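Can you build the whole structure from these sequences, using the hints too?
Each chain, letter by letter, is given below.
Number of protein chains: 2
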Amino acid sequence: MTTLADVLAAAERIRGHVHRTPVLTSRSLDAELGASVFCKCENLQKVGAFKARGACNAVLSLDAATAARGVVTHSSGNHAAALAYAAAVRGIPCAVVMPETAPAVKVAAVRGYGAEIRFCRPAEREAVCAALQQERGAHLVHPFADPAVIAGQGTAALELLEQVPELDLVITPVGGGGLCAGTAVAVRALRPTAEVLAAEPLAVDDAARSLATGVRQPRVDNPQTWADCLLTALGEPNFRLLQQHGVRVVTVGEQAMVDAARFCLERMKIVVEPGSATVLAALRALGGAIRGRRIGAILSGGNTDFAWLR
Amino acid sequence: MTTLADVLAAAERIRGHVHRTPVLTSRSLDAELGASVFCKCENLQKVGAFKARGACNAVLSLDAATAARGVVTHSSGNHAAALAYAAAVRGIPCAVVMPETAPAVKVAAVRGYGAEIRFCRPAEREAVCAALQQERGAHLVHPFADPAVIAGQGTAALELLEQVPELDLVITPVGGGGLCAGTAVAVRALRPTAEVLAAEPLAVDDAARSLATGVRQPRVDNPQTWADCLLTALGEPNFRLLQQHGVRVVTVGEQAMVDAARFCLERMKIVVEPGSATVLAALRALGGAIRGRRIGAILSGGNTDFAWLR
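Line by line, the protein sequences are chains A and B. Taken in order, the first sequence gives residues 1 to 310; the numbers are from my numbering. Taken in order, the second sequence gives residues 1 to 310; the numbers are from my numbering.
Rather than coming from a laboratory, the hints here were simulated on the basis of the structure. Keep in mind that a hint or two might mislead.
If several chains are the same, the list does not tell them apart, and a pair holds so long as it fits within one copy or across any two.
Said to hold, decoys possible - Calculated lysine to any residue pairs in the SDA-like style (CA-CA distance at most 25 Å, straight line): (1) Lys106 - Ala5; (2) Lys106 - Ala212; (3) Lys106 - Ser28; (4) Lys106 - Ala31.
Note that the structure is predicted; figures quoted are calculated from it, not measured.
Here is the structure:
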């Protein structure tokens, strides 16, 4: 299981290759909630999301012989761009299996970092990736169910605790659970009095159901949600880490999530994708329960086409 | 004339009342320009613009008796909210004369900081404000042609030079010239080898014409521009400071400005109002002339209704 030592080693490894992202506050948000909220802006991270941290840690952890054979993954989203970036940092080959339905802007981002793209039908992603991996002898970097990725994602919370030491509560979005698990490891070790919460859209509430039932639950099929970054179901090691650290899930509706993303845009002047805005929507839902508390909110990404704004 | 000592005193005075805003970089911007651009994010400043700096310095500079009678100004934009905020910080009365045509969101912001609003017909702004000032014995804080305001705005560049010491060039937008003049004072004193540039929309190019002719030129009537924050003509002390420090103006077209604002939104994940995006548009226009240079770009504000995005 991932520990604080892994997160600390990751921070050392990726230093200089990822941004130390700023922490922003909003007087009007604090007034509304009656709390002090410190927003860790991973939307301003390289590739526009925290994913750069985990991908860099995974790629920089590889021994020279493995690295030389390159890395592969399958992803339609931010992890693809993050792995392409990390591979470019190390100067090794990277191939990404993407569904033919992937948005053009994401395809362009991956290509921009110099990775090879292999397109496939959405249902064939894992099979095509496995075949590619064997063909090349390449190393598969899973988007979230990978200890090196989890440790890398935990470095955002590590920085946040350096930037704002006395937090009572840290909240992250949860999809596959890479960010949330890494955050739980770092926060619970460094500040045991602080609680860790996970924000999840109701439309894809498998993490809430998994933690409530104690059994990892499958994802919802074809969910209708703006949170395109949170469609994946919780990974196995991620689930266990969330259990171990007593992470509590708060679910939010679509309108609350979009309202929170709009608040970030109009009041905080930052682009936060709807799935990431779940953390602010969750804080609003918690209402009186967080009054007077000092809260770290990890705004995980800012990659969006603004369709939700219309 | 405003000097570095005034800017240093302002920084001391406003500390804790304004944000030390982050500096962001963009790999794709640097690659496009062949330069290193350090964006000073005053769009993430309190009230969404650098104006909080000058207003706080002006209000906190007042002696107790003057302060007790309150402050007034006329503004339809960011200065109104900034002065309301500064007055709230000091706990003194603030009245703002706003044209009836002011956007509802700006009116709400000023009211949110507890200021009194007096509406008037747009052409009567100055007269109504002068009458109000006399009636109350209040102190008028001009949006830009005021030494305390200019010194306050200069603190953004002061911070930027602390955050990124070795700059070859600093660029700001220019409207009334408060930010640009304060920046010129700070940069030319602390780093005499660095050049200061001002970015201005072609549609309201009075600063370019004023500096080119050596005579302060009137503003364009009813300009058609998205840069609603840059409609005012250069102030008198501002003009003289820009002349004294050899500031050069670069003019940009509307499409280039909107394209730059969109780049900030989509690639840098930050909201920058079109008038502020002039600095990036100007850098693009300069092309080869800035190759290899280290550039500070002050992104002055983020208050926009996104109408330009459609």
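Hint check:
no.: 1; hint: Lys106 - Ala5; in the structure: neither (33 Å within a copy, 49 Å between copies)
no.: 2; hint: Lys106 - Ala212; in the structure: neither (34 Å within a copy, 45 Å between copies)
no.: 3; hint: Lys106 - Ser28; in the structure: between (33 Å within a copy, 15 Å between copies)
no.: 4; hint: Lys106 - Ala31; in the structure: between (37 Å within a copy, 19 Å between copies)
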